[in-house]
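**Student:** Chains A and B supply the protein sequences, listed in that same order.
Everything in the first sequence is counted per my numbering, starting at 1 for the first residue and increasing by one.
Everything in the second sequence is counted per my numbering, starting at 303 for the first residue and increasing by one.
It should be emphasised that the hints constitute simulated quantities derived from the structure, not laboratory data.
Among the hints, erroneous ones may be present.
Unchecked claim - Derived Cβ-Cβ restraints for the label pairs, each shown as a range:
no., chain 1, residue 1, chain 2, residue 2, range
1, B, 419, A, 213, 36 to 42 Å
2, A, 109, B, 548, 18 to 24 Å
3, B, 310, A, 138, 55 to 61 Å
4, B, 384, A, 246, 50 to 56 Å
5, B, 588, A, 56, 32 to 38 Å
6, B, 559, A, 109, 31 to 37 Å
Said to hold, decoys possible - Only pairs whose alpha carbons sit at most 25 Å apart, straight line, appear in this in silico SDA-like list of lysine to any residue:
no., chain 1, residue 1, chain 2, residue 2
7, A, 250, B, 559
8, B, 519, A, 162
9, B, 578, A, 249
10, A, 166, A, 154
11, B, 566, A, 245
12, A, 166, A, 245
13, A, 28, A, 154
14, B, 578, A, 231
15, A, 131, A, 31
What the hints assert, rightly or not - Simulated coverage check for chain B against chain A, where a stretch passes if three residues somewhere in it have a Cβ under 8 Å from a Cβ of chain A:
no., stretch
16, 353-361
17, 489-501
18, 521-535
19, 544-553
20, 568-578
We treat Cβ as the ideally placed atom computed from N, Cα and C, and that holds for glycine.
Number of protein chains: 2
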Amino acid sequence: MSAPLKFKQLGLIGCGLMGASFALALQKHGLVDKVKGFSPSARTRERALQLGVIHQAATSAEQAAEGCDIVLLAVPVSRTAECLQAITPALSPDCLLMDVGSTKTDVVAAAAAYLDERLPCFVPAHPIAGKAEAGVDHAEADLYQDRRAILTPLAQTGAVQLENAKQVWTAIGSHVSLMNPQDHDATFAAVSHVPHLLAFAAVNALSAQDQGAAFLKMAGPGFRDFSRIAASDPAVWRDILSANQAEVIKQTSLFRAALDDFEKAIQNHDLNHLQKLIEEASRVRSSWSLQTGLTGQTEDDD
Amino acid sequence: MSAPLKFKQLGLIGCGLMGASFALALQKHGLVDKVKGFSPSARTRERALQLGVIHQAATSAEQAAEGCDIVLLAVPVSRTAECLQAITPALSPDCLLMDVGSTKTDVVAAAAAYLDERLPCFVPAHPIAGKAEAGVDHAEADLYQDRRAILTPLAQTGAVQLENAKQVWTAIGSHVSLMNPQDHDATFAAVSHVPHLLAFAAVNALSAQDQGAAFLKMAGPGFRDFSRIAASDPAVWRDILSANQAEVIKQTSLFRAALDDFEKAIQNHDLNHLQKLIEEASRVRSSWSLQTGLTGQTEDDD
Numbered sequence: 001m002s003a004p005l006k007f008k009q010l011g012l013i014g015c016g017l018m019g020a021s022f023a024l025a026l027q028k029h030g031l032v033d034k035v036k037g038f039s040p041s042a043r044t045r046e047r048a049l050q051l052g053v054i055h056q057a058a059t060s061a062e063q064a065a066e067g068c069d070i071v072l073l074a075v076p077v078s079r080t081a082e083c084l085q086a087i088t089p090a091l092s093p094d095c096l097l098m099d100v101g102s103t104k105t106d107v108v109a110a111a112a113a114y115l116d117e118r119l120p121c122f123v124p125a126h127p128i129a130g131k132a133e134a135g136v137d138h139a140e141a142d143l144y145q146d147r148r149a150i151l152t153p154l155a156q157t158g159a160v161q162l163e164n165a166k167q168v169w170t171a172i173g174s175h176v177s178l179m180n181p182q183d184h185d186a187t188f189a190a191v192s193h194v195p196h197l198l199a200f201a202a203v204n205a206l207s208a209q210d211q212g213a214a215f216l217k218m219a220g221p222g223f224r225d226f227s228r229i230a231a232s233d234p235a236v237w238r239d240i241l242s243a244n245q246a247e248v249i250k251q252t253s254l255f256r257a258a259l260d261d262f263e264k265a266i267q268n269h270d271l272n273h274l275q276k277l278i279e280e281a282s283r284v285r286s287s288w289s290l291q292t293g294l295t296g297q298t299e300d301d302d
Numbered sequence: 303m304s305a306p307l308k309f310k311q312l313g314l315i316g317c318g319l320m321g322a323s324f325a326l327a328l329q330k331h332g333l334v335d336k337v338k339g340f341s342p343s344a345r346t347r348e349r350a351l352q353l354g355v356i357h358q359a360a361t362s363a364e365q366a367a368e369g370c371d372i373v374l375l376a377v378p379v380s381r382t383a384e385c386l387q388a389i390t391p392a393l394s395p396d397c398l399l400m401d402v403g404s405t406k407t408d409v410v411a412a413a414a415a416y417l418d419e420r421l422p423c424f425v426p427a428h429p430i431a432g433k434a435e436a437g438v439d440h441a442e443a444d445l446y447q448d449r450r451a452i453l454t455p456l457a458q459t460g461a462v463q464l465e466n467a468k469q470v471w472t473a474i475g476s477h478v479s480l481m482n483p484q485d486h487d488a489t490f491a492a493v494s495h496v497p498h499l500l501a502f503a504a505v506n507a508l509s510a511q512d513q514g515a516a517f518l519k520m521a522g523p524g525f526r527d528f529s530r531i532a533a534s535d536p537a538v539w540r541d542i543l544s545a546n547q548a549e550v551i552k553q554t555s556l557f558r559a560a561l562d563d564f565e566k567a568i569q570n571h572d573l574n575h576l577q578k579l580i581e582e583a584s585r586v587r588s589s590w591s592l593q594t595g596l597t598g599q600t601e602d603d604d
């Protein structure tokens with residue numbers, strides 16, 4: 001075993017739920033001495049200080065990153081590129097730089113475009129965690145406990161950085177997986193982005209009807225669970241669906257084809273085929289379960 | 303207050319989860335002296351006797367209904383018509399006859415076709431309850447506790463029967479609502495049948511892909527809840543989707559239009575419109591909640 005992981009200073013760029021929870025987790029597990037943080041919102045900076053998420057408020061992303069041996073970019077996916085560009089000159093050569101974005105191909109492209117000789121510092125990360133309430137006020141040190149964290153290293157990523165990234169997520173309780181960015185985006189389009197999109201569309205289709213409100217009053221536990229992810233944060237999901245457009249549209253095409261099969265069987269009164277289609281879905285879903293310790297809460301987004 | 307409701311004999315036709323739980327609930331609440339039951343399966347009849355669900359096994363649906371002051375038809379929707387036809391000659395003139403089907407227009411049409419002068423006995427019912435495991439072995443006296451029960455009386459339904467139906471569901475802990483059969487089917491197409499259909503299609507779209515199994519391993523809590531209803535019973539849902547075909551297809555058309563809106567916004571990089579669409583879904587879903595005491599378990603189907 002190597003020496004226990006310990007960082008001198010975390011530079012936190014973005015003090016929302018994800019970033020602030022990461023800072024609290026590192027502190028809880030004794031992985032960092034000091035946290036310097038930036039948020040474009042003065043109120044958020046103040047609350048982050050009050051809540052002990054950060055020890056020092058920076059006046060810019062660049063200032064937050066400067067002199068830190070670990071830097072976390074926890075900003076909306078749509079702001080990743082500009083943030084990377086801004087902080088590159090301030091990054092220490094040996095630092096570990098990570099993000100927490102739900103899409104990875106776009107982040108990797110931005111990193112390749114802007115990080116220059118700091119590219120080896122960067123380990124793109126996607127922790128599969130979250131909760132319904134956003135913002136620094138809802139941050140918690142255990143947000144990443146028993147959750148999956150996916151790392152999508154680049155060819156240029158430094159071996160030390162990758163090893164440290166694995167260790168830090170493991171130390172705060174996450175289960176680390178490695179994927180390449182393309183596989184990551186294809187996978188999460190299929191199991192997360194498109195399910196969100198379908199839930200959004202299902203709720204909108206309901207609410208747009210004259211009788212929508214009356215219908216919704218009669219909805220039961222099945223609808224509750226099916227539609228839970230439709231309550232997700234609009235700005236976050238706008239960015240995800242947009243950033244992962246190609247894979248999302250590929251998956252919706254496959255979904256439409258599957259829906260066509262059902263509709264044809266229903267309209268043709270082909271009960272045998274309809275039953276076979278449902279049997280397939282029921283068999284697959286019944287034999288599926290959450291992997292590796294990822295149990296418990298129903299409030300977590302992915 | 304009138305005298306407490308009490309039946310002499312329940313005729314139970316179908317001893318699966320729904321029917322057997324109804325029999326246990328009536329016994330638990332002292333609403334019935336004796337239960338006579340029929341199932342086409344000898345094993346089910348035997349288990350129903352062993353478990354105290356029924357006191358006497360009948361050799362046919364007709365025999366189960368004979369001489370009973372309350373009769374519950376708890377068979378797959380596709381078998382309702384033949385069962386109604388079979389039992390009509392055996393029904394007592396003043397009995398209360400109910401079903402538990404998830405679709406109502408088709409049941410009402412079958413009743414009108416076959417019940418003849420026993421039509422006033424019939425109160426079509428749809429208890430919004432269930433659980434993942436089917437069959438008599440999983441029956442429980444509290445299945446209908448704190449659940450919604452919808453009654454869709456016909457113009458010919460007797461006032462006494464309707465009142466008794468309200469009382470019996472209320473007595474076993476359900477919250478009774480009245481609807482007409484057409485509104486019922488339109489409502490549940492929108493909030494239950496189509497969400498099930500979308501979940502079935504989403505799971506099939508995933509599993510049909512070469513990488514489907516790999517994708518599914520990475521699915522998280524969002525997918526778990528979204529797809530839970532895809533594990534539902536194939537024969538039951540084949541019948542529901544088929545019986546409620548017109549309303550289901552109407553709702554899938556509206557869903558497809560809503561999905562089109564999202565896809566256009568994504569493909570046109572219209573981030574403002576995409577955000578507005580998600581905001582609408584998120585607002586509607588966030589402000590929605592299960593009505594009237596219908597809380598708790600996530601294992602219940604509707």
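**Student:** Confirm or reject each hint.
**Tutor:** To see whether the hints hold, each was checked on the structure:
{"no.": "1", "hint": "419/B x 213/A: 36 to 42 Å", "in the structure": "holds (40 Å)"}
{"no.": "2", "hint": "109/A x 548/B: 18 to 24 Å", "in the structure": "violated (48 Å)"}
{"no.": "3", "hint": "310/B x 138/A: 55 to 61 Å", "in the structure": "holds (58 Å)"}
{"no.": "4", "hint": "384/B x 246/A: 50 to 56 Å", "in the structure": "holds (52 Å)"}
{"no.": "5", "hint": "588/B x 56/A: 32 to 38 Å", "in the structure": "holds (35 Å)"}
{"no.": "6", "hint": "559/B x 109/A: 31 to 37 Å", "in the structure": "holds (33 Å)"}
{"no.": "7", "hint": "250/A x 559/B", "in the structure": "holds (18 Å)"}
{"no.": "8", "hint": "519/B x 162/A", "in the structure": "holds (23 Å)"}
{"no.": "9", "hint": "578/B x 249/A", "in the structure": "holds (19 Å)"}
{"no.": "10", "hint": "166/A x 154/A", "in the structure": "holds (14 Å)"}
{"no.": "11", "hint": "566/B x 245/A", "in the structure": "holds (11 Å)"}
{"no.": "12", "hint": "166/A x 245/A", "in the structure": "violated (29 Å)"}
{"no.": "13", "hint": "28/A x 154/A", "in the structure": "violated (30 Å)"}
{"no.": "14", "hint": "578/B x 231/A", "in the structure": "holds (13 Å)"}
{"no.": "15", "hint": "131/A x 31/A", "in the structure": "holds (24 Å)"}
{"no.": "16", "hint": "353-361", "in the structure": "violated (count 0)"}
{"no.": "17", "hint": "489-501", "in the structure": "holds (count 11)"}
{"no.": "18", "hint": "521-535", "in the structure": "holds (count 15)"}
{"no.": "19", "hint": "544-553", "in the structure": "holds (count 5)"}
{"no.": "20", "hint": "568-578", "in the structure": "holds (count 6)"}
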